[in-house]
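Letter by letter, the chains look like this.
Number of protein chains: 2
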Amino acid sequence: MRITDMHITPIALGDPPLLNAAGLHAPYALRTIVELVADNGLTGIAEVPGSAAVNTCLERAREVVVGADPFNWNALRAAIAARFPDETPADRGNKPWDQRQVVQVYSAVDVACLDLIGKAVGQPVANLLGGIVRERVPFAAYLFYKHKGAGGELGFGTDSRATGWDAARQEAALDPAGIVAQAKAMIREFGFKSIKLKGGVFEPAAEVAAMRALREAFGPEVPLRLDPNALWKVETAIAAGKELESLLEYYEDPSRGQEAMAAVRKAVKLPLATNMCTTSFADIPGSVRHGSEDIILGDHHYWGGLRASLDLAAICRTFKRGLSMHSNSHAGISLTAMTHLAAAVPNLSYAVDTHYPWQYEDVIKGGRLRFEDGSLAVPQTPGLGVELDRAALARLHANFKRCGLTERNDEIEMQKVSPGWKFAATRW
Amino acid sequence: MRITDMHITPIALGDPPLLNAAGLHAPYALRTIVELVADNGLTGIAEVPGSAAVNTCLERAREVVVGADPFNWNALRAAIAARFPDETPADRGNKPWDQRQVVQVYSAVDVACLDLIGKAVGQPVANLLGGIVRERVPFAAYLFYKHKGAGGELGFGTDSRATGWDAARQEAALDPAGIVAQAKAMIREFGFKSIKLKGGVFEPAAEVAAMRALREAFGPEVPLRLDPNALWKVETAIAAGKELESLLEYYEDPSRGQEAMAAVRKAVKLPLATNMCTTSFADIPGSVRHGSEDIILGDHHYWGGLRASLDLAAICRTFKRGLSMHSNSHAGISLTAMTHLAAAVPNLSYAVDTHYPWQYEDVIKGGRLRFEDGSLAVPQTPGLGVELDRAALARLHANFKRCGLTERNDEIEMQKVSPGWKFAATRW
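Residue numbers (this note's numbering), protein chains in the order written: chain H, 1 to 428; chain Z, 1 to 428.
Wrong hints could be hidden among the right ones.
Since the list can't tell identical chains apart, any single copy or any two copies may satisfy a pair.
Unchecked claim - Derived SDA-like pairs (lysine to any residue); straight-line CA-CA distance at most 20 Å: (1) K401 <-> I412; (2) K193 <-> S280; (3) K320 <-> T88; (4) K320 <-> H290; (5) K320 <-> G286; (6) K184 <-> S280.
Since the hints were derived computationally from the structure, they do not count as laboratory data.
Go ahead and model the full structure; you've got the sequences and the hints to work with.
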C-alpha cells in the first residue's frame, strides 16, 4: 500500500463563548481534517487542532507523506522528523492549549495511517493498538464558565427554537448555580458519571464554591475535577487544595511547572493531574525527578499520535502514574480516535475529557456521535469506523473561510468583552 | 480469527562445553517451540528458553490461549496474567540467565500471535511493530571460554570430519590466544563486525588480557565488549574497568545489582550495559533513580514479547538509555523474532548478541539461517517468515527426550569437570 494523495482541509466548528484562563472561546473552533488516499483506493482520515501554523506544517509534510507505505510508520515518522527542527517542551507555551505543531503532524499522519491499515486488514484501530480492553469508553461532563451565546453564526446570540441541551448550551454560567444548572442539563442529555470544571476564570474561592455546589447537587458518587489551568500560585493552590481535599477525584494543573506542581502535590492530599507540566516525552524525566503529578492527561494530538500514546501508557504503567485524556474543542474524528485509544489502553483508568457536547456540527457521515450513559461504544468496523460526510466538510470549510480566524486567540476574544484584558500566566 | 489449538514441544539443541559464571553449558541447550493454530488454518510459531517449569506454565496457559483472538493481545495477556501470580524482579535469580517463567509465556504467545496476524494480513512482523527501519540487522561475534568438544551427542568429543567454523567451534579456548583464534574463525565464517567475550570465568586480569589480545588482533575499528556476568566486586570492576577504558565499546554487568553498577559507572569512563540489574519494567524506576547503566540489553523472551519490547524501547528513548539485545542459546525462530524486533526499533543502536553460531541444528525449513557480513536480512514475507520443519522438530524433540535434561544447570555440568565447584554470586 502506498499513499498517493494527501488532502488538508481546515474547518471551523461553531463554539460557544466559553471562558478559560486564556480568555474566551471565539465563535468558531478551528480544526484541520487530513485525508490520506492510498493506491488501493482506500482513504484514511484524521483531525487535529487547526491553525495556520499547523496547516503550513502539514503542507510541508505532504512531500514525504505522499509515496510512503502506511504500514511503515517508523520510516514515515523519521521522514517527517527530518523536515522539521525538533520541538522542545518550551514550545508548548504557557496557554492552556499546546502551541506545538510538529507533534500534530505526527498525530494526523499516524491516525490516518492506522485508519488505512485497519481498513486494509479488516480490523478496528483499537485492535491495531493492542486490542480492545473495554467495549465502551466513559467520558466526563466538561463544564465551563460561559457567557450567554450559542457560538457559530449566532455568536453571543441564541437560537430561541432550541430545546434540551441545545437550549441549555446557550445559557450563561457565571456562578455556582449556573455551573450546577449546566451540569444537570449536560448529564441529563449525555449521562456522564464524572464532572470536570474548567477553572482559572474567577477567584479561587468562587471556583471552590462551585465545586462545593456540584458536590451538594450530585453527591459523593460523582467524581469531581477542577482545572485552574496552572493559573494559581503555589500557596493559593495549596490553600484551595486543602479545601478541595474531600471534594475532588483529582486536582488538574493548579500551578505552573513541574516544581510548583510537586510542591502542591506534597502539601495537598489529592492526586494531581496534568496536561500542562508534563506534555512530552522530553518532560518525563523531570516528572519522575520532581514527582510533579499522579496522573498524566495524554492527548494523541500532542503526544504524536495513537502509537506514541501507547508509549506514554507504558511509561505511566512503569512509573505508576495514572493516565487519562485531555481534550480541546473537536469533531467526531478526534472523538473516535480517542475512543479507540482509550479502548486499547489497559491502564487508562479515568473517564476521558471531551469538549464534544459544546459543538453541534460534525464532518462525519451519520451526524454527531451519541453518548449513552456517558460513554461511547468502540466501533468494531475496520479502521476508525467513521467516514467523512463531504457535504458537511464543504460546509464547515466554508465556515472556516468565512470566519476569518487563523489561530486560536482567546485573549483577543476576551478583549471584545472586557477591553484591555490580558492573559497572565499566574493570576492568583 | 480464533486460536483453536496450542502445541508445546520441548526440544534440545546440541551445545558445546561453553564456560560462564555459572559453570559449564551442558551438551544440550533446551528450548520450547510453541505453535498456535487458528480457525482460518494459519499457524503462528514461537520459541522460548526451555525448562520443565516454563513448559508447565505454558501448559497452564493453554486454557486461556485456546479460544482467544490473536488480534486482541491486551485481552489475551490479561487472561494469562490472571492465571499466574505476579513475578517480581527478585524471581530473576542471580544466575547469568533469567529464572522467570511467566514473562516467557507472554513472549511465546505474543510472538506466535504476531506470526498469525502477519500471515493473516500479509505483512512481516516488523511492520506490525511499527515498520522496518533497517533491512539488515547486525549481530556480534559472541566468544566463550570453552573446553574442547562439539556438544550434542559428541559432548566433549569432536567430529574429525568437520571443517571451517564447524571444526573451530569444537576447539578449546582457555586463554587469550584461544579466544583470538575463536574470534578469527567465527568472523571468517559469519563476518561479524563487533565482538563480545563472555567473562566471569577466569581471574579478571586474564579476561582483561584477552580483551587486549582481541584489540591487538582486530584493531580499534572492531568494537569489543566484556561481560563478567556480575561476578566482580565493585572495586574489582572499577580497577579492571579503568584498564578497559580504551578498549571497550561497553562494559556489560561487571557487578551485581543497580547500586553496585551505579558505583562502577561513576568511577569508570565506559558505558555500562546490563541484562542482569535492569531486567523488568519493575526495575526501571530503580535504574533511573540509581543511574545503574547506559545501555539496556533487552530480550523479548524476558521482557514479555516483542510488543513489550517496544515499550522498553520507548522508555530507553525517553530516559536516554541505549538499547541492544541479550541472547541465550537458541534456534532460528528466536533469531528471526529478534531480527524483526531489531529491524523495527529505531533506537536499537548496537550489534545484537546471539549464541546462534554455537548451535548447528535448527527446527526451521530451509535449514540454518545464514549471516552475511555479520548481519541478517529482515524477512519481507508475511509473519515471521520462517516455518517449522516437522522432521527437524521431531528429531530435536527426540534429542530432548533422550538427553534427560529438564532445566539448565551449569553448576552440575561444571562439577562433572571440576568436582566440588560451586557457583558464587560474587567471585572476585
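Evaluation of the provided hints:
Within a single copy, K401 and I412 get their C-alpha atoms as close as 19 Å, which meets the 20 Å cut-off; across copies the closest is 79 Å, which misses it. Proximity of K193 to S280 under the C-alpha cut-off of 20 Å is found in neither arrangement, the shortest distances being 29 Å within a copy and 36 Å between copies. Taking identical chains as interchangeable, the C-alpha atoms of K320 and T88 lie at most 20 Å apart only when they sit on different chains, with a minimum of 16 Å there against 25 Å within one chain. Taking the shortest Cα distances, K320 and H290 sit within 20 Å of each other both inside one copy (14 Å) and across copies (18 Å).
In this homomeric assembly, K320 and G286 come within 20 Å of each other (Cα to Cα) both inside a single copy, at 15 Å, and across copies, at 13 Å. Taking identical chains as interchangeable, the C-alpha atoms of K184 and S280 are never at most 20 Å apart, the minima being 35 Å within one chain and 47 Å between chains.
Checked against the numbered hints above, the structure breaks hints 2, 6 and satisfies the rest.
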